[in-house]
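**Q** Listed below are the residues making up each chain.
2 protein chains.
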Amino acid sequence: MRSVKAFAPATVANVSCGFDILGFAIDAMGDTVELVLKDEPGLQVVSIEGDEGKLPLEAEKNTCAVAIQAMLDELGSNVGMNIYLTKGLPLGSGMGSSAASAVAALAAANRLLGDPFEKKDLLPFAIAAEKVACGAGHADNVAPSLLGGFALIRDYHPLDVIKLPVPEGLYCTLLHPHFELKTADSRSVLRDMIPMKYATIQSGNVAGLIAGLYESDFELISRSLRDVIAEPYRAVLLPGFYEVREALKSAGALGMGISGSGPTLFALSKGKEIAEAVGEAGKEIFSKIGLEVDVYFSEINTRGAYIIEEK
Amino acid sequence: MRSVKAFAPATVANVSCGFDILGFAIDAMGDTVELVLKDEPGLQVVSIEGDEGKLPLEAEKNTCAVAIQAMLDELGSNVGMNIYLTKGLPLGSGMGSSAASAVAALAAANRLLGDPFEKKDLLPFAIAAEKVACGAGHADNVAPSLLGGFALIRDYHPLDVIKLPVPEGLYCTLLHPHFELKTADSRSVLRDMIPMKYATIQSGNVAGLIAGLYESDFELISRSLRDVIAEPYRAVLLPGFYEVREALKSAGALGMGISGSGPTLFALSKGKEIAEAVGEAGKEIFSKIGLEVDVYFSEINTRGAYIIEEK
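Each protein sequence line maps, in turn, to chains F and H. For the first sequence, counting from 1, position 186 maps to 186 in UniProt numbering; every step adds exactly one. For the second sequence, counting from 1, position 103 maps to 103 in UniProt numbering; every step adds exactly one.
Simulated from the structure, these hints should not be mistaken for lab results. Just so you know, these numbers come straight off a predicted model, no measurement behind them. Take the hints with a grain of salt, since some may be wrong.
In this list, chains with the same sequence are indistinguishable; a pair is considered to hold if it fits within one copy or across any two.
Stated by the list, open to error - Derived pair list, reagent style DSS-like, types lysine-lysine, alpha-carbon separation capped at 27 angstroms:
(1) Lys-197 to Lys-120
(2) Lys-182 to Lys-197
(3) Lys-163 to Lys-120
(4) Lys-197 to Lys-131
(5) Lys-288 to Lys-131
All chains, please: the whole structure from these sequences, using the hints.
**A** Written out as structure tokens, the structure reads:
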């Protein structure tokens, strides 16, 4: 039977001052989904590897199947597929795990059906899957995972996603400390009301970050990577946050922040050497406070999800 | 005696979603300052034209003299100058009247002294003058008046001003209705605390506006020109605001908002014809509600303050 295998990258949502509106994709890792056409209708999740048995195989709860079903519903199609998911990134880490699965599934399904959709038009289906996986239909992981680079989610009603330029030589370091932080807890510490003054500071910084990306101005990017409305409240949930921040900056990072709702931290750097040194510096602090940590670093992924193989 | 005459343009601060961080300059009008070297030290405001006698001639209260004095203090100079100010824009209109005077004075003084400062380095002196004129050292009028184009004030501590690109063919229409709106009143209706959700919406829109300016994407600029944290509260102070807004958009404006703290309204449009039609549409609504209005339209000024004449 005909089959397609697709890859979708891990992503960093929020991006410090870009709280709830920005995300970017990283080359370091991602999820892979293989789809095989079936003779009869229906989506079946045949296997999931790399999840330690934690993810649901039931089609109505599985993020890959939910995403593909949303696409089939739009097409009025009842094509059947077997789904084989290989997780390349850890669950609940804040690196867009569910998003990468949904996006890889959609990229593969779109190709399997003869590319009925433009890449960007797959976004609503991925958002529908995020709603099932995370309880909220955020786009700040699925948009960069699908499109690559930095994605700005200007609005949801209607969806308005803008792909932003990526300065050459911009690297990301990810530090994933081994402890669990529930998204619900990470959300619950946020304030419903914030000082007007903070909103203005945040606006200024996000505007600076966008200008910095367009200008390839690393200094401006660095000055702009400050989050005054989420990070101060979330940092208390993250052991060693301020020591790690200090160490990453001393090692040369342009800036850092919480990846998604954590516990993974991200840092942006100019060049591979600094990105590597930043990872080492973070690892040292985490080991001092007795936390194991996985470190990844890579360039920003600019092509998003792509097809690995078709038969 | 040696003399220099300089011009500085009117400006629109806030720019809708750019509340408190953005401003741009317009070609339509501005202030002119002529400085003449004196033999003895001291700044003397000799004459002010076009202010209907409302502006102070005392050097310590006059925005031109305060700005020049700040510059002289920095240089450790006690050069004396006679100051002749010609107001080309109305006071208290929300078009950066005090900023244009201060900036024109600084541009002239800098040239008179042999250009000891880069243009951008004159900003702190202009901000010092704004503190005296407005009670707050805002930079969102003085920065675009000095530098031209769109200016982003990312931060004040330290001052971080970024000049943004201007899409070709972007026009501004200004509608100055004849009624007084005190800046203090316009400030007092603002909220100290705002919903986190609004801060995120505002961030998304300002990020969209910046991207739109870099991409010359008029549609994106149009979608992004929405202010959810200041305009809804200030609109109640402006008779006919929502009817005018509707009329300007119907006439083809990309978007509109309150210029500075009002009462002047601004609209951005693609091309001269639309900018003119937008002005007519606004005038019609204002005349229906019995308000006289002055209408101006022009391209965005991209060169900022400049020297008109030196002798």
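**Q** Identify every previously stated hint that the structure contradicts and give their numbers, smallest first.
**A** Those not satisfied come down to hint 5.
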